[in-house]
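Asks: Residue numbers (my numbering), protein chains in the order written: chain A, 1 to 279; chain B, 1001 to 1279; chain C, 2001 to 2279; chain D, 3001 to 3279; chain E, 4001 to 4279; chain F, 5001 to 5279.
Only true hints are included.
Coverage of chain B stretches by chain D, computed from C-beta distances (three or more under 8 Å per stretch; other residues unrestricted):
1) 1029–1041
2) 1131–1137
Label pairs and their computed distance ranges (CB to CB):
3) E:D4010 <-> D:P3139: 48 to 56 Å
4) B:H1213 <-> D:R3260: 54 to 62 Å
5) B:Q1226 <-> A:Q194: 49 to 57 Å
Some chain D residues near chain F, calculated using beta-carbon distances under 10 Å:
6) P3080
7) T3186
8) A3187
9) A3247
Since the hints were derived computationally from the structure, they do not count as laboratory data. Glycine included, every Cβ here is placed at the ideal spot set by N, Cα and C.
Letter by letter, the chains look like this.
Protein chains: 6
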Amino acid sequence: MRTHDDSAGDDFLSRLRAGGLTLMMGIRCGRTTDVVHIARSTGHHAILVDLEHSTMSTDVAATLCGAADSLSMTPFVRIPEREYGMIGRLLDGGAHGIVAPRIETVDQARLVARACRFAPRGQRSQTAMVPHLGMRPMPAGTLNPALDNAVVVQILLETPAGIANADAIAALDGVDMLAIGANDLTAELGVPGQYDDPRVREAVATAARACRHHGKLLTVGGVGDQASFEALIALGVCPLVLTGMDAALLYQAASATAQRAIAAHQRTSPGHADSEDTS
Amino acid sequence: MRTHDDSAGDDFLSRLRAGGLTLMMGIRCGRTTDVVHIARSTGHHAILVDLEHSTMSTDVAATLCGAADSLSMTPFVRIPEREYGMIGRLLDGGAHGIVAPRIETVDQARLVARACRFAPRGQRSQTAMVPHLGMRPMPAGTLNPALDNAVVVQILLETPAGIANADAIAALDGVDMLAIGANDLTAELGVPGQYDDPRVREAVATAARACRHHGKLLTVGGVGDQASFEALIALGVCPLVLTGMDAALLYQAASATAQRAIAAHQRTSPGHADSEDTS
Amino acid sequence: MRTHDDSAGDDFLSRLRAGGLTLMMGIRCGRTTDVVHIARSTGHHAILVDLEHSTMSTDVAATLCGAADSLSMTPFVRIPEREYGMIGRLLDGGAHGIVAPRIETVDQARLVARACRFAPRGQRSQTAMVPHLGMRPMPAGTLNPALDNAVVVQILLETPAGIANADAIAALDGVDMLAIGANDLTAELGVPGQYDDPRVREAVATAARACRHHGKLLTVGGVGDQASFEALIALGVCPLVLTGMDAALLYQAASATAQRAIAAHQRTSPGHADSEDTS
Amino acid sequence: MRTHDDSAGDDFLSRLRAGGLTLMMGIRCGRTTDVVHIARSTGHHAILVDLEHSTMSTDVAATLCGAADSLSMTPFVRIPEREYGMIGRLLDGGAHGIVAPRIETVDQARLVARACRFAPRGQRSQTAMVPHLGMRPMPAGTLNPALDNAVVVQILLETPAGIANADAIAALDGVDMLAIGANDLTAELGVPGQYDDPRVREAVATAARACRHHGKLLTVGGVGDQASFEALIALGVCPLVLTGMDAALLYQAASATAQRAIAAHQRTSPGHADSEDTS
Amino acid sequence: MRTHDDSAGDDFLSRLRAGGLTLMMGIRCGRTTDVVHIARSTGHHAILVDLEHSTMSTDVAATLCGAADSLSMTPFVRIPEREYGMIGRLLDGGAHGIVAPRIETVDQARLVARACRFAPRGQRSQTAMVPHLGMRPMPAGTLNPALDNAVVVQILLETPAGIANADAIAALDGVDMLAIGANDLTAELGVPGQYDDPRVREAVATAARACRHHGKLLTVGGVGDQASFEALIALGVCPLVLTGMDAALLYQAASATAQRAIAAHQRTSPGHADSEDTS
Amino acid sequence: MRTHDDSAGDDFLSRLRAGGLTLMMGIRCGRTTDVVHIARSTGHHAILVDLEHSTMSTDVAATLCGAADSLSMTPFVRIPEREYGMIGRLLDGGAHGIVAPRIETVDQARLVARACRFAPRGQRSQTAMVPHLGMRPMPAGTLNPALDNAVVVQILLETPAGIANADAIAALDGVDMLAIGANDLTAELGVPGQYDDPRVREAVATAARACRHHGKLLTVGGVGDQASFEALIALGVCPLVLTGMDAALLYQAASATAQRAIAAHQRTSPGHADSEDTS
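The task is simple: from the sequences and hints, build the whole structure.
Replies: Now the structure itself:
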């Protein structure tokens, strides 16, 4: 446990910079801290609470983040598009990382980055007590640098417009990582799911150059197969792996177990029609 | 049950286009699926979860929508003004229809419409599993057209400015229906509650023309009496009726039952002063 | 508002003893305080939060009770069968009345009654702060009589065995009212719903005698028609009327409104088949 | 969808009696209906909401049951030990099956069985509206037989004392199935986890005889391997398979995915020490 | 209790205008109405539900506001930055006051002010039933003036840019109070926590002039010591005191009590090392 | 952090046996983990989640316990009277300590003790994954001893009957501590709040003898003043101090701060009547 200290952001970025494989599990359908324990016990270093694609409340998101922090994991939250007002609430509630989806312009990225740090680096609203520092009231002079240091800001580029601004976005103070959402990007390019399209590779290369140039990290999400992932690493993408969303993982295991039961039953009771359509 | 298929939006619009009376019940104070069962058993075809005038959480809204969908009803959500970031969350969570209030400009309407469909028609963020398709992971090539087809986008015009842009808004790809909020419109016109004011009729006629022109549907909400409603139908308004919000329906029944009990008691115990002020 | 005083129970019983019609609304599907406001504005004097027939949490039940108390209504909770451990939690949380269902023996009734008052009259566990007294810490010497006075204990007899013990139960210190559940009693007697069966009338008469004998009040629930109710009053039943459960009231209003819309539409569009089966 | 009818219990038992493989998924950490959709889409016929080993609220349990029912699955709830008062609340809220753990005596089993049916077969408290019949108010004469028919009562024997009473328990009206909890039984026998211990087999045989004798079904939970399961089928156990609890399924998938990612990274970055202890 | 009337806003402002000390307690970590009772019983006149620095849901915020209103307190909500869509939901749900943080421009302030009043003064969306008027359906002609009158709008200036626009903002119809957030302002000025910096005093004087000029009230938050506060009163700041946030108050009391216990134990058991580091 | 190991119970008891002052904070009105952080940062070693005197849900109780465990505190839950079925749910959910109120007989105590340990020491139902061991599936042979070791069972004696059975209760395997509830005991003895009554001292002495005899620990709750507490320590009571319930602590701080503000205002504005009655 990082008991109520402030090194979360640094630890996470340092590990990635050193090339250490970093596993992140996405949470979309979980609402209890059980899923956080499962993520940790299975070797994950971070969670991604997905508020963009779920209807989870901010209170539940904060509880999950707090549990992850207490277990020395780094809790990220993907915020809904355009809902920048949620950033401060989540950071005050226990998130250490903010993932901002569908950023296309420098202004959008700056708004996110500035919402995550205190003046003079940004405009995060002053608070005095946060759970990850044990709710101890602390003066701004001590609290602000500690919290600024603990945050990781990830800007998610999912459109050609976003990629085109990668360099200027990577240059922004307060942006720690760029991320490419491969799913949305291939959809925007008209080649949904074709991660090996040359335009995808080019987009990654563009973002990688921007990150190298400004000393930031790049990650790419949504790429399932290992060969593609290794090619990305070669391009300069950092070894951050989103192993899966909780809903998808549960589906996989439930489906596999059900199929095994059906197969076994068919072997022993071949006359039965158990494979009826359940749709 | 439309078990995990994708015809919800089409079914709803087809019924209206064919002139079939379509009943919708509004939910504002309910938080359990009981109210959805009640809506269905009393003959409603759709629910309208009202997040503009209630403090219901998105998680509860999604649960109500999911229940409606499983019962073959079409679940709509009226989103809060300006909170377009909530659209994707609600659609991923189970809403089939989005009602966007107080739209005044084409840009606002386009933002809503594009948030409801995937590229190239819009910018809905890619997902892979949605409850109304049974949480089955599906590739974008299959999932996106299915979901695009299942959504109904209703643009609510409540001001003269909105009416003035009715034609351009109706022309937008992805806008399926225009709606006129009679309450707010009469208030904006300075004639609160006077639904038979000529300017109201003119506004409806303008919107009806726009809809006819672009093959969209028009609905008008907040008009209580039958005569006015029939006049609207004659103008080209489709037969979608919001029978009432749950809170208002409960109030009516509670009041009627209480009044009957008081009246009965006064008949039998005339000396009693039961009609005391309860304020 | 009875701002944080302790007269709730007394007020409620005094009104009934004086023959004042007292209206109670049942809450089963509501989860917000809106339903409490509706109950009050429509003339109700009390609410009955039904934990026997709903899955509502104790926290929500307490919130509804607290809202009712702040609005000068008397909040009752019908506890689940056999769950006597919940009584103390609900009283500490804001309930003023406890309705204990399916009581058959004097021992069961005594357990309930003693759970509702402090020593020496009972075994309610000592607390120091309750919401209906404003969460002010108070010494036991002041707090206990105040709270003992504010509670109303209603013992619900729903079986012949319970009726047979009515006199002994009514004799118990701490039992303020007997209640007969007409629905369950007719079912137990093998004549479900036949409220005018002589055995029902006899049961009521037995309970009424017990109450008169021991200076307690009797109420009968589940009798819908006015004639039957007046006959009960003549037998000595007090004028407490449960106007309806929220779910039933909502159903009535939703159904009536939907039927009106369908009828109107059929008048104007006689060709349409809107009365399709929705089951 | 069994839209608001009453055949759930019958369907479930008939399928098992006909030897049809029936898959059930356990829910312990899920709180949203997503997990119900996943269960259905992966081929499950029933869910088991586990209130004995989770802290899930009754309101959430009812929501999950309601969702399962709407999707034509049979929702079971395992109630906490000794909390028989919860049975009525859950049945009124949408559960179709009750699993009662650690039953040792005929009296305990009778209490459960009678809590699940209306008079004269039991003591279930009269209600008028239930979600699985669409919240339509119905008279007792219609509602009670429908609901009695829709319920499945499973008595869980987990101790030698329970097994010893198997025949008398199976003889009870209202008991539809016996179940043996293999985990707890082996623990009680002092051979935790040794499912092939002769005493386990003997216990199963005893229960199987009791079930055959009285025309009830027998199921055995907690047996993982296929060979053991087939041996049980041969003994007369019905083909009901609990594929897994959601928490265990999620753990399996998360662990497998994480291990794959680590293995792949070690192949490509052999110098990295990614297998650090995460405990 | 102001039972369902509409004088809340007026009462609050009148008291302040008359120089009456007005105590407000902030709620950030509370989720039950207990904290509202505590605020009232300890002499507070208002609560400030802080949605800017907490992850509390809107439903809980509304419940707290409703409880405060029923207890004759004035419930304020500090909304998250930029989330103006939440204003209408909160006002419909029971808030009487809106505190809008980090306002810098007249346009932002106007957007807030207009979201809080109905046409023609603003754009609040028409509703018919609100909890603070007992959920009674009311026509717009009666309801709107009542609600407009009951609302208090507080614009929070926390940056030099905001202060620079103080006069124009104070001039806006619908802005009732200006507020200076001393914490954020000193941070923005580069002197975090130095409330006696001349620039702070100057900013307060500027805002005070603006308020006097336009007949509005000025309050300053985040100033702990009494001397500074008196100096502010002398400058024209109204006597509204935020006594503390619930989390900070709880921390103070928990810390003081723990320290007393440790000190007492050390006196009697001097050999024990109880002061171990708990960080 | 005790990351997912099993020493919680041992650590807690060892500290007390060694005479180490142990601070526990009660939680009754808190619903978020903020209150757990506050407890830890102010030097507490344990929390007592009070389900006897609050309406908190089991899910929230488990979340608070889990947070405490992750922060290396020992989470206790005081269960409601008679609700022994809740014990297993809470232990599976994250509680390490069970406080059972109003125990009067050896049978009651045995039921509690056996519910807290696995066979052969008790009847806790077999599980495979618990949050405090990271949700890792573990075989019974490993898991059961670990969990048995981690639990602390406290039996609360609050009546003369309970005290009379102290020796036999302390003798029970699985009972780790006796506790005397001074508030309820003085009430039962007819001397509410008189902690220095000889009968109280005698009761404590009786329980202390029982504990010494059987190697168990004794704690006494509800005694506020230091002198009385030291006298108890001299009698053999262990140095476990419940510093306060969160609601009481918040009340103290809110009251003190409000009084200071009123006093200051009266000094500077002597003409104002700010001390009006707020009741």
